[in-house]
Amino acid sequence: MTTALPSSPQGHGHAHGEAEHENHSLTGFIIFLCSESVIFLAFFSGFALLKTSAINWLPAGVEGLEWRMPLLNTVVLVSSSGTIWLAEILKARGSLWGFRVLWLLTMALGAYFLYGQAVEWSGLSFGFTSGVFGGTFYLLTGFHGLHVATGVLLMTLMLIKSFIPGNYDRGEQGVQATSLFWHFVDVIWIILFVLIYVWQRH
Amino acid sequence: MTSATFPASEPQPSWTRYFSFNTDAKVIGIQYIVVSFFFFLIGGLLAMIIRGELITPEADLVDRTVYNGIYTMHGTIMLFLFIFPVLNGLNNLLIPTMIGAPDMAFPRLNAVAFWLVPIFGGLLIASFFVPGGPAYSGWWSYPPVSIQNPLGHLVSGQGLWLTAVALSGVSSIMGAVNFVTTIIRMRAPGMGLFRMPVFCWTALAAQSLQLIGLPALTGGAVMLLFDLVAGTSFYRPEGGGDPVLYQHFFWFYSHPAVYVIILPVFGVFSELFPVYSRKPLFGYVYVALASFIIVGLGLVVWVHHMFPSGVAQWMRNLFMVTTMLIAVPTGVKVFAWLGTLWRGKLRLTTPMLFCLGGLFNFVFAGITGIMLATVPVDIHVSNTYFVVGHFHYVIYGAAVMGVFAAIYHWFPKFIGRMPYEGLGKLHFLLTFVGANLNFLPMHPLGLMGMPRRVSSYDPEFAFWNVMASLGAFLLGVSIIPFLLNMVSSWVRGPKATHNPWNAIGLEWLLPSPPPEDNFGEHVPTVISRPYGYGTGEPLVENQEAIERALTLQEARA
Chain A
1 MTTALPSSPQ
11 GHGHAHGEAE
21 HENHSLTGFI
31 IFLCSESVIF
41 LAFFSGFALL
51 KTSAINWLPA
61 GVEGLEWRMP
71 LLNTVVLVSS
81 SGTIWLAEIL
91 KARGSLWGFR
101 VLWLLTMALG
111 AYFLYGQAVE
121 WSGLSFGFTS
131 GVFGGTFYLL
141 TGFHGLHVAT
151 GVLLMTLMLI
161 KSFIPGNYDR
171 GEQGVQATSL
181 FWHFVDVIWI
191 ILFVLIYVWQ
201 RH
Chain B
1001 MTSATFPASE
1011 PQPSWTRYFS
1021 FNTDAKVIGI
1031 QYIVVSFFFF
1041 LIGGLLAMII
1051 RGELITPEAD
1061 LVDRTVYNGI
1071 YTMHGTIMLF
1081 LFIFPVLNGL
1091 NNLLIPTMIG
1101 APDMAFPRLN
1111 AVAFWLVPIF
1121 GGLLIASFFV
1131 PGGPAYSGWW
1141 SYPPVSIQNP
1151 LGHLVSGQGL
1161 WLTAVALSGV
1171 SSIMGAVNFV
1181 TTIIRMRAPG
1191 MGLFRMPVFC
1201 WTALAAQSLQ
1211 LIGLPALTGG
1221 AVMLLFDLVA
1231 GTSFYRPEGG
1241 GDPVLYQHFF
1251 WFYSHPAVYV
1261 IILPVFGVFS
1271 ELFPVYSRKP
1281 LFGYVYVALA
1291 SFIIVGLGLV
1301 VWVHHMFPSG
1311 VAQWMRNLFM
1321 VTTMLIAVPT
1331 GVKVFAWLGT
1341 LWRGKLRLTT
1351 PMLFCLGGLF
1361 NFVFAGITGI
1371 MLATVPVDIH
1381 VSNTYFVVGH
1391 FHYVIYGAAV
1401 MGVFAAIYHW
1411 FPKFIGRMPY
1421 EGLGKLHFLL
1431 TFVGANLNFL
1441 PMHPLGLMGM
1451 PRRVSSYDPE
1461 FAFWNVMASL
1471 GAFLLGVSII
1481 PFLLNMVSSW
1491 VRGPKATHNP
1501 WNAIGLEWLL
1511 PSPPPEDNFG
1521 EHVPTVISRP
1531 YGYGTGEPLV
1541 ENQEAIERAL
1551 TLQEARA
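Here the protein sequences come in this chain order: A and B.
The numbering of the first sequence is the numbering used here, which starts it at 1 and goes up by one.
The numbering of the second sequence is the numbering used here, which starts it at 1001 and goes up by one.
Just chain A, with the same shape it has in the complex (with noise of 0.2 Å):
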């Protein structure tokens, strides 16, 4: 299947179709995270309507979530992203190494985060079925999580890749869409962060 189409910017470099769909990974990339932004949106308003609408919100024998540990959490994720905006000014300019180290401190920053909140999970006092507060709480932090640890395969996979030789000679998305993703994690947390450790009143 050889196509090569004149109204794409790349297509008249390359005939395969393989490199051809590549260029449109971005683009369909993109469209999947404004898709995956509304799940959250739906879980945001969710926890807004219950908590605004609940009579005891928190179970009994809660006082309220401990802020300190998650905002050290906070400050961590945001600072990752950070380091993958300079990874990717790095690689742009042709440092690959560079671009590894930060990449790699990107990665380190993500795990930080997932072990802070794993540390936070193991020392609450309420669990998934305690009421709407737990199950609410559970569910959006684990469901950011997931995406955090989604994000730090991707990059692990990125990292990998960058060792091919070659692999850049086509242009790379992968990276792009890896950053963005993270980016978009980042954004999601702060949200979040809001939403369940500052908004506590009741």
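It is worth saying that the hints were derived from the structure and are not from the lab.
Each hint should be verified, as a subset may be incorrect.
Stretches of chain B that chain A covers, calculated by requiring three or more beta carbons in the stretch to come under 8 Å of a beta carbon on chain A [what the hints assert, rightly or not]:
1. 1167-1178
2. 1209-1218
3. 1239-1249
Just so it is clear, CB atoms sit at the ideal spot from N, CA and C, and this is done for glycine as well.
Based on these hints, arrange chain B on the given structure of chain A.
Chain B only, in chain A's frame:
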């Protein structure tokens, strides 16, 4: 690109490709359509059982609990396993060929999205055989009914239902990402957005709705699944949850889902009326843009399904107004189709008959839709057969008839053979009469107060129910000439030329059936708007040469 050369009629690839993980959008399109009709027969059989039960006032055919499972599965199968897959089949066949792309943007993702359909279909059908039977809470699956698990088994009909719906969502999102990317990125040179066929406009609009709406349903369904199997209380009032929250999630997607279904059918109408009236589409730009106005408004009408659910009065009023506003862009489209038909040289072929019948039914459904949008009327007829009648007019009367029109119209292009006109017209007659006989009596029944989802009723409702059941059996019979036509014309129908209907569009500048990569490297440059019927304006550069080459190739074969 001075003279189009097509690979001289390559040998037909083996039919076994339809049973393989093939990445060609044309193969996937046919796979979608055939699989969807398999499930259509199952869903149709369930409908026959429902109408068989309702032909007498007593509950005498099936057990009441079984009846609950049957109507739940009828709705679920028809929506998630028939109408969405069949439309995705049309998208797969038409989008790449209409915009001159060799394939979809992500062919492998496309194949994965398709193969999920038989998988979740199998899961859903399997729920008939688990202890406790299939899900029985209606296709809405409202809590608290849907979070009961009286038998306590881990695998319950409701759990399988939720898993299947979640997988259906994953498959549809994959499809939507693919269709939108393809339309945005892979159009032929010269094909600006306002030179795109209306079917592609409506597909783009419908798939955008999928991308915005489906994640909300998926999120809501995940929470329902946790309530069912993990003991959380998102929708359980005793744990602080709210069952109405599920209704918001469900209808935020499931109302736009109706537009996901009807928009591509509007696209089919807009494609076919010009062909069989020999006139350009009246008001092309407005028809194209109206699709996106429907998308915008369609996202803010969902509460009209919840007028009796205890929502605030200001919300009822607001959503009543937005719902009625939808009639404006839809009215623009109906007006444009009538303007296209006006003083045209009408050719009453099978596809045209299905379009006209579909348009008639759609206008009727639109009128009852406006009635239902009004808060007092809606509260009065809520959960009665009036709603069922309205819905079936939209889905069967308009959407399914539009799908049949599309199948008869594009069958020659993608199969390479002509369907039989006589059988097609018989199919149309049985469908049109059957649908109206089946669904019209539901309106008086609803106004008289007959609730939906009951297997026995007061004898005063008997007359209209007998009529409806006769109509349903007629619809059941109407499938026979259709299947007969499809199978026999596929096997031994007369060979189709590249453009048997004298239609204008990139897909008609391809051989029938098109080669695997469509235009390959010879994508024509589009130089005018679509639907130039009677204007004599060519659609693409060197159109005459391309058509001459195609005719020559057909003469040689």
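Checklist entry - Three or more residues of the stretch 1239-1249 of chain B near chain A by CB distance under 8 Å? => result With 7 residues closer than 8 Å to chain A, the stretch 1239-1249 of chain B meets the three-residue bar; holds.
Checklist entry - Given as covered by chain A, does the stretch 1167-1178 of chain B meet the bar of three residues or more with CB within less than 8 Å? => result holds (count 4)
Checklist entry - Given as covered by chain A, does the stretch 1209-1218 of chain B meet the bar of three residues or more with CB within less than 8 Å? => result The restraint on the stretch 1209-1218 of chain B holds, since 7 of its residues have a Cβ under 8 Å from chain A and three suffice.
The structure meets every hint from the earlier list without exception.
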